[in-house]
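Visitor: Letter by letter, the chains look like this.
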Amino acid sequence: MSEGQVNFKDEIQLVVFSVEKEEYGLEISQVQEINRLLPITRVPRAPAYIEGVINLRGNVVPVVNLHSRLKLGMRTNTDRTRIVVVRAQGIPVGLIVDEVLEVLCLSSSAVEPHAMPGVTSNAGYLQGVGKINERLILLLDLDSLLNLEELGEMVS
Amino acid sequence: MDLSQYMDLFLAEAKEHLESLNENLLKLEENPADHEVLNEIFRSAHTLKGMAATMGFEQITELTHEMENALTLLKEGKLYVTPEVIDVLLRCLDALDVMMKDLRNSGEQPFPYQPLLGKLQDLSKLSWSKSDLPSHAEQLPPKPLEFNEYEISVLKAAENSKYRVYHIKIGLSPDTIMKSVRAFMVFRSLEEYGQIIKCQPPVQDLEEEQFEDSFEVVFVSQAPPETISQALEKIAEVRVLALQELNTKKLENQQIGSHQDKIESPGNRAPSFSSGAGRTLRTVRVDIERLDNLMNLVGELVINKTRLEQIGLTHRITDLLEAIEQMGRLTTDLQSLVMKVRMVPIEQVFNRFPRMVRDLAREMGKDVQFIMEGKETELDRTVIDEIGDPLVHLIRNAIDHGIESPEERVQAGKEKTAYLRLAAYHEGNNVIIEVEDDGRGIDIEKVRTQAINKGFFTEKEREYLDDNALLKVIFQPGFSTADVVTDISGRGVGLDVVKSKIESLNGSIEVETKKKMGTKVKISLPLTLAIIQALLVSVGHEQYAIPLSSIDETTFVLPEQIKTVQNQEVMVLRGIVLPLVRLQRVLEVSMTTSENEELYVVVVRKGEHRIGLVVDLLVGQQDIVIKSLGKLLTGIPGIAGATILGNGEVSLILDVNTLF
Numbered sequence: 075m076s077e078g079q080v081n082f083k084d085e086i087q088l089v090v091f092s093v094e095k096e097e098y099g100l101e102i103s104q105v106q107e108i109n110r111l112l113p114i115t116r117v118p119r120a121p122a123y124i125e126g127v128i129n130l131r132g133n134v135v136p137v138v139n140l141h142s143r144l145k146l147g148m149r150t151n152t153d154r155t156r157i158v159v160v161r162a163q164g165i166p167v168g169l170i171v172d173e174v175l176e177v178l179c180l181s182s183s184a185v186e187p188h189a190m191p192g193v194t195s196n197a198g199y200l201q202g203v204g205k206i207n208e209r210l211i212l213l214l215d216l217d218s219l220l221n222l223e224e225l226g227e228m229v230s
Numbered sequence: 028m029d030l031s032q033y034m035d036l037f038l039a040e041a042k043e044h045l046e047s048l049n050e051n052l053l054k055l056e057e058n059p060a061d062h063e064v065l066n067e068i069f070r071s072a073h074t075l076k077g078m079a080a081t082m083g084f085e086q087i088t089e090l091t092h093e094m095e096n097a098l099t100l101l102k103e104g105k106l107y108v109t110p111e112v113i114d115v116l117l118r119c120l121d122a123l124d125v126m127m128k129d130l131r132n133s134g135e136q137p138f139p140y141q142p143l144l145g146k147l148q149d150l151s152k153l154s155w156s157k158s159d160l161p162s163h164a165e166q167l168p169p170k171p172l173e174f175n176e177y178e179i180s181v182l183k184a185a186e187n188s189k190y191r192v193y194h195i196k197i198g199l200s201p202d203t204i205m206k207s208v209r210a211f212m213v214f215r216s217l218e219e220y221g222q223i224i225k226c227q228p229p230v231q232d233l234e235e236e237q238f239e240d241s242f243e244v245v246f247v248s249q250a251p252p253e254t255i256s257q258a259l260e261k262i263a264e265v266r267v268l269a270l271q272e273l274n275t276k277k278l279e280n281q282q283i284g285s286h287q288d289k290i291e292s293p294g295n296r297a298p299s300f301s302s303g304a305g306r307t308l309r310t311v312r313v314d315i316e317r318l319d320n321l322m323n324l325v326g327e328l329v330i331n332k333t334r335l336e337q338i339g340l341t342h343r344i345t346d347l348l349e350a351i352e353q354m355g356r357l358t359t360d361l362q363s364l365v366m367k368v369r370m371v372p373i374e375q376v377f378n379r380f381p382r383m384v385r386d387l388a389r390e391m392g393k394d395v396q397f398i399m400e401g402k403e404t405e406l407d408r409t410v411i412d413e414i415g416d417p418l419v420h421l422i423r424n425a426i427d428h429g430i431e432s433p434e435e436r437v438q439a440g441k442e443k444t445a446y447l448r449l450a451a452y453h454e455g456n457n458v459i460i461e462v463e464d465d466g467r468g469i470d471i472e473k474v475r476t477q478a479i480n481k482g483f484f485t486e487k488e489r490e491y492l493d494d495n496a497l498l499k500v501i502f503q504p505g506f507s508t509a510d511v512v513t514d515i516s517g518r519g520v521g522l523d524v525v526k527s528k529i530e531s532l533n534g535s536i537e538v539e540t541k542k543k544m545g546t547k548v549k550i551s552l553p554l555t556l557a558i559i560q561a562l563l564v565s566v567g568h569e570q571y572a573i574p575l576s577s578i579d580e581t582t583f584v585l586p587e588q589i590k591t592v593q594n595q596e597v598m599v600l601r602g603i604v605l606p607l608v609r610l611q612r613v614l615e616v617s618m619t620t621s622e623n624e625e626l627y628v629v630v631v632r633k634g635e636h637r638i639g640l641v642v643d644l645l646v647g648q649q650d651i652v653i654k655s656l657g658k659l660l661t662g663i664p665g666i667a668g669a670t671i672l673g674n675g676e677v678s679l680i681l682d683v684n685t686l687f
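Protein chains in written order, with the working numbering: chain F, 75 to 230; chain Y, 28 to 687.
Just so you know, these hints were derived from the structure itself, not from any lab. Worth double-checking, as some hints may not be accurate.
[Stated by the list, open to error] Cut-off 25 Å, straight-line C-alpha distance, at most; resulting in silico cross-link-like pairs (SDA-like, lysine to any residue):
(1) K658(Y) x R110(F)
(2) K145(F) x V616(Y)
(3) K499(Y) x P121(F)
(4) K658(Y) x P121(F)
(5) K658(Y) x A120(F)
(6) K658(Y) x L111(F)
(7) K633(Y) x G675(Y)
(8) K332(Y) x V159(F)
(9) K145(F) x K658(Y)
(10) K633(Y) x Q648(Y)
(11) K658(Y) x P166(F)
(12) K528(Y) x P166(F)
(13) K105(Y) x E176(Y)
(14) K658(Y) x E176(F)
(15) K633(Y) x D523(Y)
(16) K547(Y) x Q503(Y)
(17) K658(Y) x T152(F)
(18) K658(Y) x R116(F)
(19) K499(Y) x A120(F)
(20) K528(Y) x D217(F)
(21) K658(Y) x L210(F)
(22) K332(Y) x R356(Y)
(23) K658(Y) x V177(F)
(24) K146(Y) x G77(Y)
(25) K528(Y) x A120(F)
(26) K499(Y) x G521(Y)
(27) K528(Y) x P121(F)
(28) K547(Y) x G662(Y)
Isolated chain Y (complex conformation) (with noise of 0.2 Å):
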């Protein structure tokens, strides 16, 4: 069969497999005791090694096998949770990530992973060494028997009843012949002390001498085990290998962990290639450029329809009205669709900082504890694939420079564990994404030092450069020297490139800092790049079109209404003072008309400020495409891109963030 048709699907599913591993690792750590969690990274990895089984890869069907094992001495209780096993199976994940790669690039390569397996193997021994278990358990597999939930129940009953609960393994000589009868007999003599709960293989394995030469029971009876094996012992051919007792109280961990017991079992052992929890069952994997020309097409249907739209209008053909009303709603919903199909949850990102946060802070000896919020937020697919890196560089900034050691925090009276919160919501059209730390913050001052003695202020505007006008600096390039980093929280390296990266996006971002309480970084980024309903507005000659999520109303002003606060203008709209700003002079457009008798006031939001935008005309508010303007005219402050109308006409849209 040829499996390289299977390769990318392989490499897809298996990527999702490493991040859950990765993910669930993590939550255990934290959480040892959870047990669901465990049971999914077994799954994840059992998965993982049947996929790479098929496909032929022996070095990761290797490596996730031997993971397997010390996993199921974690599940049996027999290894425990400790950072040092957790950082070996991080290891393994990343080892295994590193092989994928290669699988992509060039086929399996050799790769070094036998230290690893090495590491494994110690853990195994760790576990014998620590374990508890009785006289017999080294000749028991490692492996529990599964038990179902009226067994376990049977177990309990028998057990309050003052029975004993026996795990009996039997062995027979490997020349015996007639090996059914054996067991048989070995049935008959065990019912005569008590009843069987259940054996492995099963009855009807045993009855067609299905099995090797061994087979387990579990057993309920009163008699002590000494009697039981000397009746055992009587059958010709007939060894015990092992008997025990069973705590009845342990079962029940063990019968959650029965579920991926049986995926365990010869008969399924046949790998899937959809994951446990069979949810990528209804799902499609489809190539983003295919979705970015599907955006684009219905991205051209809407400039077409305005275009019909205003064909329409202007030779009043009614039914031709009618018949793109119609469509409008059609290309409505399929822009919507379209949209939605394109929306990503942003956990996507997030899922690697965890793992991240708690290699880095291992590394530099902090104590961080990390809370994501809003992993749910959906963003377009675009920016989802773009927000990472910047994303990485503030973490680890926090981490290095902003968290202070365990024992500089408890000097400074804070709580020993520092606190680092990544957290995306919604607000408007936007997605906001926040870093939040409570470390030592930035030094304002020595912002202000290195700002002047690297030239990016003279001596005289010292006096006047505010906080806020300063912090921007630490997003300008060439701000990170080595010197600022060890001196100031050194936020700022390589800052310049998160800044002009979430720029690209047209998104924008903010610092928040207060000396010894911590940073906060504000990133704000457009739900999506493609379709949004927008006002067009006319300034002189020029029409404009302003986001309508920005917009809270439009009313109009008469000239004689118009006041001035310390030359602001500003009118009084029910009460309120609110201050006008003309687009005409903010953008610099040529006056053209005289003034109207009745201007036009788009009223938007700026952060909690209101403010009305004098205009023209209100053109009308209609769907627009959002186009970029492209690399060369990227991060012009107050345009958020461009948008061509239904005449064919370019016409820029405005971010009201930056306008002014």
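Just chain F, with the same shape it has in the complex (with noise of 0.2 Å):
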């Protein structure tokens, strides 16, 4: 079990936040810090969806665009718009979203642990769906999100 897995057992935090309408949930143990946009440098050569890096208190952070990464269009910048920093096998990691909505509990019976298969493209970068009444929360598999191997292969 990686850090990045969710606990299924009882009741789980979530970090909800918007990205293109959809709303995405990360377990709260694994954000760090929410910011506001900073200036982002951008790195030649890198995967189009690494906006670059910024300043994160002295350490250089990359920022993953996640409008790119979960291939939802492009992304324009508001008031609103944040970078979730998360740290992904204890490495700090930005990500940036349209809006950090709230953080709710979510009681784990109400998770589907499996993505539907064909629903989504993205499949498999999502441990679950998360319902509330209406709301579907579709939470994150950050290993496989920020799968540091293939993403390595990729840049070389």
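Each chain sits in its own coordinate frame; assemble them with the hints.
Guide: Here's what the structure looks like:
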């Protein structure tokens, strides 16, 4: 079990944010902090969905354009655009999201552990879908979203 | 006394001694007559024993004690330095290493070292059967007497004037009363025949009865041995246990050995934590993490200094600028100091290789002459820690697959002994490490076939493949398979791991090979992962830092002065044709400005070539703190890392070597 795995046993706390009208959630323990949009330095030759790097209090941290990674079209920056800094395998990585909506508790019984095949092309990046009334929250699987080996290969 | 607080210290020191033992044993094997090395070995083993005894580690004490006995035999020339003897001693070191590791993890563990003790004791048996010592020798203790220079000169003079030099061991009956008186009588009767040069224990101890029931004297006389023993035996309760003529020619060696014999004398038996040479006395061991923190803080200081400079410049505050200048000097000093503290000679890594090469070569029946150069080359500690494994891999490959068996070499018309060289040296801001052998080299044709069979290239690409492109394939993951290993020199084994490790250190790796002539692997590593001087340049709206170490000069060029040679833009710089590379194009910076009237050119070195990088603006030179781009973005060609500028923005550092 890696740290990116959500514990389905009882209740989970999620940071919920929106990307192109869809709602995504990350377990709160995976989130290090939430920042306003910081100046981003482009990194030439990096994969397209790596928007660049930011200065996070003296550390250089890569930021991922979730729109691009999840193939959800172009992003327009607004006042509500945020960088959610997560830790994937111990490495801080920023995810650019349209808006951070809330932190909520979800009973694990409300989570469909497997994403429906064929429904979304991003199924591989999901570890489940949470249901709250009419809302569906897509639970991101950080490890596959930021698969370091895969990324490394793409870079070279 | 609670010794646990000394545990780390003990382990660290012990490790040093083990390393030194390893290294020196190999030296001794090469040069068995080197007494200084032997003495050094003895000292290390002895200190190790003393340390272990103080800490109460019985197993280590016992094993080192037995090693010491074997070493004593070597020192006395009663045992010869053979590969077998060295083997046994090296195995002991391995065992000690394991025992130390156990200590670190869980305290002293039962360890099956008895077979080793047996082997060591077998060595001693070997020594007696080989010994050609006179008949009295068995009765003499194996420990030689120690002589100072004066005594040696006396003994030599005595021998030159046809005196005989006797080494006599005198025993007293166990129940003798007034032992000192007997000793006195022995002295008096000996003095009738000659002169006593030395006695052990010293006369004072004898007078104070500080001895058991025997003592030794070295005596110079013209009288024959019989006369002397008869004279001594006349004294009641006195027996001559041994009487032997000393060969003064052998004494010189013993004299060199005398220093650590003194250590062995009971009075000095107290173990010392510092090694004999005393070089550790004025140093402090520091946790590397603390150094890292210190480095980071200095880095932050540098960034903030740059920030202050900018404020001073923007607001034109002269006083502030002056103060900053002072501060700048201080930070520069501080920086170079911290850097120096972090620099470690590569020796630490290299030292394990002679042993490895020896063992591997012996194991595989290959004859290898191993040469190390540039052990003193210094590298940042963090790089040192990481570089060991890749080198192990390369050296292993060289011996395993590159170097032929002696027979094969002779058949191929080569020297029987293969040559394996490990060298380190500085080149600009890089450290180069080379592993070179004169083995069979890599068979390019076989690599070509394999590369195509394995689908790294298509049949069509085949004809376009030049050797260099092909050699890169061996660093691809998956290229290493069993049949490749046996067919081609097998350098494909896990080389991808080596490559990624080197690249994670911002280094690069190259192979040169010639069939039947040998292979050379060249690793280039940054000197440090810390602070460097760089030139900041603007390209469009972006700023990049180019390490000063790779810059030759800066110049400018007018658009009409740019010529083309086969579609390659060039300029003529002082009569030399300089190829130009537009950074904007290479880095895919979006076009913002129309062509400037004047273009700035940064002339950089790439290997032996000089290339002009065309940029929009030279911003200025400054110290930058190198920050890693992190695991997610490692290995992007052309980008060596990032730095944070005074205004808080991140700027990328260009790596000229991999840029184009």
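Visitor: Determine for every hint whether it applies to the structure shown.
Guide: Tested hints:
Taking the CA atoms of K658(Y) and R110(F), the gap is near 24 Å; set against the 25 Å cutoff, the hint holds. Between the alpha carbons of K145(F) and V616(Y) the distance comes to roughly 23 Å, so the proposed pair stays at or under 25 Å and holds. Between K499(Y) and P121(F) the CA atoms are separated by roughly 22 Å; this keeps the pair inside 25 Å, and the hint holds. Our distance criterion of 25 Å between C-alpha atoms is met by K658(Y) and P121(F), whose separation comes to about 14 Å.
For the proposed pair K658(Y) and A120(F), the alpha carbon gap of about 12 Å is at most 25 Å, so the pair holds. At most 25 Å may separate the alpha-carbon atoms for a hinted pair to count; K658(Y) and L111(F) meet this at roughly 22 Å. For the proposed pair K633(Y) and G675(Y), the alpha carbon gap of about 30 Å is over 25 Å, so the pair is violated. For the given pair, K332(Y) sits about 28 Å from V159(F) by alpha-carbon distance, which is inconsistent with the 25 Å threshold.
Only pairs whose Cα atoms come within 25 Å are accepted, and K145(F) paired with K658(Y) is accepted, the gap being roughly 23 Å. Only pairs whose Cα atoms come within 25 Å are accepted, and K633(Y) paired with Q648(Y) is accepted, the gap being roughly 20 Å. As the CA atoms of K658(Y) and P166(F) are separated by approximately 10 Å, the hinted pair is consistent with the 25 Å bound. Note on K528(Y) and P166(F): the hinted pairing holds, with a Cα-Cα distance of about 21 Å set against a maximum of 25 Å.
Simply put, K105(Y) and E176(Y) have alpha-carbon atoms about 23 Å apart, close enough for the 25 Å limit, and the pair holds. The suggested pairing of K658(Y) with E176(F) is violated, with an alpha-carbon distance near 30 Å, which exceeds 25 Å. For the given pair, K633(Y) sits about 24 Å from D523(Y) by alpha-carbon distance, which is consistent with the 25 Å threshold. Between K547(Y) and Q503(Y), the direct Cα distance comes to roughly 18 Å. Compliance with the 25 Å bound is thereby established for this hinted pair.
Between K658(Y) and T152(F), the direct Cα distance comes to roughly 29 Å. Violation of the 25 Å bound is thereby established for this hinted pair. Proximity of K658(Y) to R116(F) is assessed by CA-CA distance (about 17 Å); at most 25 Å being required, the pair is judged to hold. A threshold of 25 Å between alpha carbons decides the hint, and for K499(Y) with A120(F) the separation of about 21 Å falls inside it, so the pair holds. A threshold of 25 Å between alpha carbons decides the hint, and for K528(Y) with D217(F) the separation of about 22 Å falls inside it, so the pair holds.
With a C-alpha separation of about 33 Å, the suggested pairing of K658(Y) with L210(F) is violated against the 25 Å cut-off. As the CA atoms of K332(Y) and R356(Y) are separated by approximately 11 Å, the hinted pair is consistent with the 25 Å bound. A hinted pair counts as satisfied when its Cα atoms are at most 25 Å apart, and K658(Y) with V177(F) does not qualify at roughly 29 Å. Distance check on the hinted pair: K146(Y) and G77(Y) sit about 22 Å apart at the alpha-carbon level, within 25 Å; holds.
For the suggested pair K528(Y) and A120(F), the alpha carbons sit about 19 Å apart, so the restraint of at most 25 Å is met. A distance of roughly 13 Å separates the Cα atoms of K499(Y) and G521(Y); the hinted pair therefore holds under the 25 Å criterion. A threshold of 25 Å between alpha carbons decides the hint, and for K528(Y) with P121(F) the separation of about 21 Å falls inside it, so the pair holds. The suggested pairing of K547(Y) with G662(Y) holds, with an alpha-carbon distance near 23 Å, which does not exceed 25 Å.
Hint compliance for this structure: hints 7, 8, 14, 17, 21, 23 are not met, and every other hint is.
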